[in-house]
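Student: Take a look at the letters that make up each chain.
2 protein chains.
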Amino acid sequence: MGGNTNTNKKRGVEWRINMGDGTSRVLEAESRFGLQRFVSKVGGFFQRAWRLGVNEPKKSIHCVKVGLALSLVSLFYYMRPLYNGVGGNAMWAVMTVVVVFEYTVGATLCKCVNRATGTFLAGALGVGVHWVARQSGERFEPIILQASVFLLATAATFSRFIPSIKARFDYGVMIFILTFSLISVSGYRVEKLFEMAHHRLSTIAIGASICIITTILFCPVWAGTELHNLIRNNMDKLSDSLDGCVADYFNTNSETSDKTLQGFKCALNSKATEESLANFARWEPAHGKFSFRHPWLEYVKVGASLRSCAYCIEALNGSMNLDAKVPDVLKQHFGNFCVRLSNKSSAVMKELAVVMSTMKKPTRIDFMVEEMRIAVQELENALKSLSKHPILPPEAKAGEAVTLVEVVPLVTVSSLLIEIAARTEKLVGAVNVVAEKAEFEVETAEEAKKGQSSKGGSKVGDEDKSEGLSL
Amino acid sequence: MGGNTNTNKKRGVEWRINMGDGTSRVLEAESRFGLQRFVSKVGGFFQRAWRLGVNEPKKSIHCVKVGLALSLVSLFYYMRPLYNGVGGNAMWAVMTVVVVFEYTVGATLCKCVNRATGTFLAGALGVGVHWVARQSGERFEPIILQASVFLLATAATFSRFIPSIKARFDYGVMIFILTFSLISVSGYRVEKLFEMAHHRLSTIAIGASICIITTILFCPVWAGTELHNLIRNNMDKLSDSLDGCVADYFNTNSETSDKTLQGFKCALNSKATEESLANFARWEPAHGKFSFRHPWLEYVKVGASLRSCAYCIEALNGSMNLDAKVPDVLKQHFGNFCVRLSNKSSAVMKELAVVMSTMKKPTRIDFMVEEMRIAVQELENALKSLSKHPILPPEAKAGEAVTLVEVVPLVTVSSLLIEIAARTEKLVGAVNVVAEKAEFEVETAEEAKKGQSSKGGSKVGDEDKSEGLSL
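Those protein sequences? They're chains A and B, same order as listed. Numbering-wise, my numbering comes out as the position in the first sequence, counting from 1, plus 811. Numbering-wise, my numbering comes out as the position in the second sequence, counting from 1, plus 811.
It should be emphasised that the hints constitute simulated quantities derived from the structure, not laboratory data. Treat each hint with caution, since some may be false.
One copy or two, either will do: identical chains are not told apart, so a pair holds if it fits within one copy or between any two.
[To be verified] Derived DSS-like pairs (lysine-lysine); straight-line CA-CA distance at most 27 Å:
1. K1172 - K1237
2. K852 - K1172
3. K977 - K1070
4. K852 - K977
5. K852 - K870
6. K1161 - K1112
7. K1248 - K1237
8. K1171 - K1070
Bound conformation, chain A alone (with noise of 0.2 Å):
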């Protein structure tokens, strides 16, 4: 086929002139080509982003919010005329709001605290060291201020690399460099200096409350809230998708659908989204049903069990995608049990995420947890029942012996399964350190059923939003 195309493209001028009365028509056609191509390139470009702000309106919202916030911050500074241009204080208030918004509330305030404490700390030092400058007489000062900038932009780069001070204060750190070197640069008088500080603090707090009223007051996306959901989702994701992977096996559910399969990939890439949401999530005030203080690093935790549940139903596909040889009548007998187990294991994550999304103390979960291991128990007595009773099936000839090679996918299904189950164990412990945290509530009998029963609503709606996190 390659090869063929190619010949086309070479011939393609004395084709043309084969034609005739084509020749024309041919480029025309060609042009038209090129030109269709392009227009359903960029249309096709659209579709994608039209559907992207369909699929996910929180995200079309956050726009339009940074629009109002701009429109805003303009208006604001068209009412009181300002006619000095882009060089006056005007700039570092627009500045602010198109450096400061961003999608969650917790990103904007920590970026918020972050620019009013860098700005602060270094001007402060900076008039400091000005004055200090100013002192040592005429010939210093210039070394004194280079020395200055030199010192602090080194020490406060290598401050970022600290891990700690990188998660929170990243941003303050620059906004601190940038000021102090500015400040530095500028060869204004102290006595003014202190007066443009003013003017740059006022007008940074100007920004900086525009974008907290805008990003809070209209449909807020709360970074704690976005975590809940993750963490909730990815439970679920999970669990469908060990459900889905076993019964697909096993041949007793073929309709999953490869989404539903390959949900537990959600959970393995969402490490790095988890760690910043819950980095934001605690510089937001509480809302919702969280408060100030809720344990946001716990549910990192719970994040990292389940990731490593995730790992091991990784590697459970990959073994069920080997091309095993395994008898009928022992996937058969087997299936039963390694089901069952899968369906406990999955049914203990999806009572976690109706836990998480309650936020009701769990009452059922000890239960079902019992259960699960009650269904370890039976498929290891079924592995043991294996090499104390003939598993050759009846009908099954001399010369059809079933060797233990044969069984070994199933033994390496089956001893997955249960180290699932005992992760699956483990992940439980975290929720109920949140739950105890956080201060869950004890569920009455009644929310028990409402939550059973509005669970499958809620959880469609919610999972687009992972996957937009995700994306």
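Fit chain B to the known structure of chain A by using the hints.
Tutor: Showing chain B alone in chain A's frame:
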């Protein structure tokens, strides 16, 4: 213990009174204790920072480079006195240096290009919109300007959610929004705007050139080289930890350190780092062994392939930690085959690391893969023989029949090792694609020997670097 401390705290006052002359002394001791704790805390912080700096000289050098670039840019403005202060254009050069200077050359180049392009496009569009607004009369001017800011900010923010734009042009889009808003807010006439745009672009060019010169001339840190080393070190670590944990399980060598065993976790957690490095590496010019169009995106695929091995090693590690009651005879019997297979697989990984490191076409690899396949076959045969031959040791009593459940851990370990071997073959495929696309040279026999002998030396030095990246 916790209760005890509590009581001490509560009874602190009484105890002091009881001491009689001790009141002031105790107070002093307490405050000294507090001060001591503070000093030791600060000391510990600086100690850790010092260790970070000593262990990763590249990072320390980067900090000095930032200081240098800032000194250079401020020197530039000291030399031709420009005392209209921070509001003037000097600040744009300083700002560019602070914001644009990144750890790797690729990231710096990416930001420079983004900043220049964003400013230029927004400037051109801003001047156009300003002209249109002027033409449409005083009444409509603010409306048109406001509407354009709102619409463009919304659209541009939306484009930042599109993954392909986010990966490469996120910063440029932000600068576009910033510049366009600044121009719209400013009340300049169009003629003055041109002048301002010229000044702005030239100062940005000065800042960007200082950054690029500093970052490339003084100990450059290339994103490509970092990615290259990261992938190679992860291969080494994966290979060591596979070897180590199998040897540990079968007790053939219990000296493996915990750090080596956990080496696979580096590969599990480096996805985000790999992707961002690959994105930055694409901006870099030819350097060292790498040409401009080096297939960096293929490195990401090699990384993904490595991670899929790491998932399996993680599951292997998990199933080894189970308290298994495997009879020693069997363990010894199987140990030989398992250790051999893990040695072969890890040797393949080590060889791939050498291939990546020397950038020579693999010559021995086919042979080693063949050896690995033979080891897989041997292990499978051992599994087969287990069911054919009596697996009971001769000295066992009748009551102690070895049941299948006792070999479950062995079977699981074996089949995970077989799966790891299969994934290692895929890894070989991924490396082969890199070797082909990057046109690795064919290795001569002497070079092969040299590569083998220098392997140990180069590994130790580079391990630090990749750790730094994964921090």
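Student: Work down the list of hints and note, for each, if the structure agrees.
Tutor: Evaluated hints:
1. K1172 - K1237: Only inside one copy: K1172 and K1237 sit 17 Å apart there, 45 Å across copies, limit 27 Å.
2. K852 - K1172: Neither: 52 Å inside a copy, 38 Å across copies.
3. K977 - K1070: between (36 Å within a copy, 25 Å between copies)
4. K852 - K977: The answer is between: 19 Å across copies meets 27 Å, while 40 Å in one copy does not.
5. K852 - K870: within (23 Å within a copy, 43 Å between copies)
6. K1161 - K1112: within (18 Å within a copy, 33 Å between copies)
7. K1248 - K1237: within (17 Å within a copy, 45 Å between copies)
8. K1171 - K1070: neither (30 Å within a copy, 39 Å between copies)
The earlier numbered hints that this structure contradicts are 2, 8.
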